[in-house]
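Chemist: Using the hints provided, position chain F relative to the given structure of chain C.
Number of protein chains: 2
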Amino acid sequence: MNQTDLVIKQATDSWNLYITRINKLLDTLTDEQLSKDIAPGRNSGMYLLGHLAAVNDAMLPLLGFGPLLHPEMEDIFVEKPDKAVELPASQTIREYWKQTCEALSNHFSKMTVDGWLSRHNSISETDFQKEPHRNKLNVLLNRTNHLSYHHGQLVLLGSAGSE
Amino acid sequence: MNQTDLVIKQATDSWNLYITRINKLLDTLTDEQLSKDIAPGRNSGMYLLGHLAAVNDAMLPLLGFGPLLHPEMEDIFVEKPDKAVELPASQTIREYWKQTCEALSNHFSKMTVDGWLSRHNSISETDFQKEPHRNKLNVLLNRTNHLSYHHGQLVLLGSAGSE
Chain C
25 MNQTDLVIKQ
35 ATDSWNLYIT
45 RINKLLDTLT
55 DEQLSKDIAP
65 GRNSGMYLLG
75 HLAAVNDAML
85 PLLGFGPLLH
95 PEMEDIFVEK
105 PDKAVELPAS
115 QTIREYWKQT
125 CEALSNHFSK
135 MTVDGWLSRH
145 NSISETDFQK
155 EPHRNKLNVL
165 LNRTNHLSYH
175 HGQLVLLGSA
185 GSE
Chain F
25 MNQTDLVIKQ
35 ATDSWNLYIT
45 RINKLLDTLT
55 DEQLSKDIAP
65 GRNSGMYLLG
75 HLAAVNDAML
85 PLLGFGPLLH
95 PEMEDIFVEK
105 PDKAVELPAS
115 QTIREYWKQT
125 CEALSNHFSK
135 MTVDGWLSRH
145 NSISETDFQK
155 EPHRNKLNVL
165 LNRTNHLSYH
175 HGQLVLLGSA
185 GSE
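Top to bottom, those sequences are chains C and F.
Numbering follows our numbering, with no gaps: position 133 of the first sequence is 157.
Numbering follows our numbering, with no gaps: position 6 of the second sequence is 30.
One or more hints might be untrue.
Note that identical chains are pooled: a pair holds if it fits in a single copy or bridges any two copies.
Unchecked claim - Each computed EDC-like pair below joins lysine to aspartate or glutamate, with the alpha-carbon atoms no more than 20 Å apart:
| id | residue 1 | residue 2 |
| --- | --- | --- |
| 1 | Lys60 | Glu155 |
| 2 | Lys33 | Asp138 |
| 3 | Lys154 | Asp37 |
| 4 | Lys154 | Asp29 |
| 5 | Lys48 | Asp37 |
| 6 | Lys154 | Glu119 |
In short, the hints are calculated from the structure, not lab data.
Predicted model only: the values in this text are computed from it and were never measured.
Pulled out of the complex, with its shape left as it was, chain C reads as follows:
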């Protein structure tokens, strides 16, 4: 394995690690726990899970993998804040999360180094020539941190002492 292969593998391993951590947490949380707000007056766990799923979903077109799986979810979980509209059923949100994780995992497994270093779909060819760091890997690194950010909030729904 050459240096670049190694580094890309580390970045995808890191993504998988944080997906696994969130899944472990989700397994311990009942729908009732997950429906609570993470702190008084803040987002509910269910909204945050739907938000993470919708952000996963949006990675599909952004990384050139295909269209959104559930375009109707973007409005609920990205455009609108929590409590603006009624959320879909708990089971639907949990399924949406699983489905988007699986879709990304399938696509990630087929990616090459050159693929990861190619431009993502919200930058033009011209701009990418000047800013080669605006590649698909950058989306992966940012979204991994985005998972961790909300993971740090979701743990607040579990028993104290585990944060």
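Modeler: Frame of chain C; chain F shown alone:
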């Protein structure tokens, strides 16, 4: 810039981005706000900031940059949970955070690609031969996610609607 240089730069840029985001948040929080618990019965913001600083500090020996700046802080902010002992003064914790960020930033600016891909100090030469991903870059990726995780909690101390 070759592919590996680019990827390493993206990883260090990502670290810097999340440090900047936390600093921006810290600028908006008074000591009083930062001393509050992030949610009922959870860690205080001041403990979390000290924890992030102590984890930064521990990166110095782990990455071979030198000894801990403040060994006495490890016990308070890593070994012990919040509320086990009285915390240092707010100003001391804020300074500790700045100091460790600056120390890391100085060392990071001198690192080469080969340096990032060399083993960190909690793996032996022999094990590293079998597990080359246990390099310094891995520490950076993990710690960047660790920053994001607690950043997601620290934002709960600010005004609602910003999480």
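Chemist: If the cut is 20 Å between Cα atoms, do Lys154 and Asp29 qualify within a copy, between copies, both or neither?
Modeler: between (24 Å within a copy, 16 Å between copies)
Chemist: When no copy is named, should Lys154 and Glu119 be tagged within, between, both, or neither for a Cα gap of at most 20 Å?
Modeler: Close neither inside one copy (40 Å) nor across copies (38 Å); limit 20 Å.
Chemist: Please work out whether the CA atoms of Lys48 and Asp37 approach to 20 Å or closer within one copy, between two copies, in both situations, or in neither?
Modeler: within (16 Å within a copy, 29 Å between copies)
Chemist: 20 Å Cα cut-off: does Lys33 pair with Asp138 within a copy, between copies, both or neither?
Modeler: both (13 Å within a copy, 17 Å between copies)
Chemist: Regarding Lys60 and Glu155, is the shortest C-alpha distance of 20 Å or less found within a copy, between copies, in both, or in neither?
Modeler: Neither: 42 Å inside a copy, 41 Å across copies.
Chemist: What label fits Lys154 with Asp37 when the C-alpha limit is 20 Å: within, between, both, or neither?
Modeler: between (29 Å within a copy, 17 Å between copies)
Checked against the numbered hints given earlier, the structure breaks hints 1 and 6 and satisfies all the rest.
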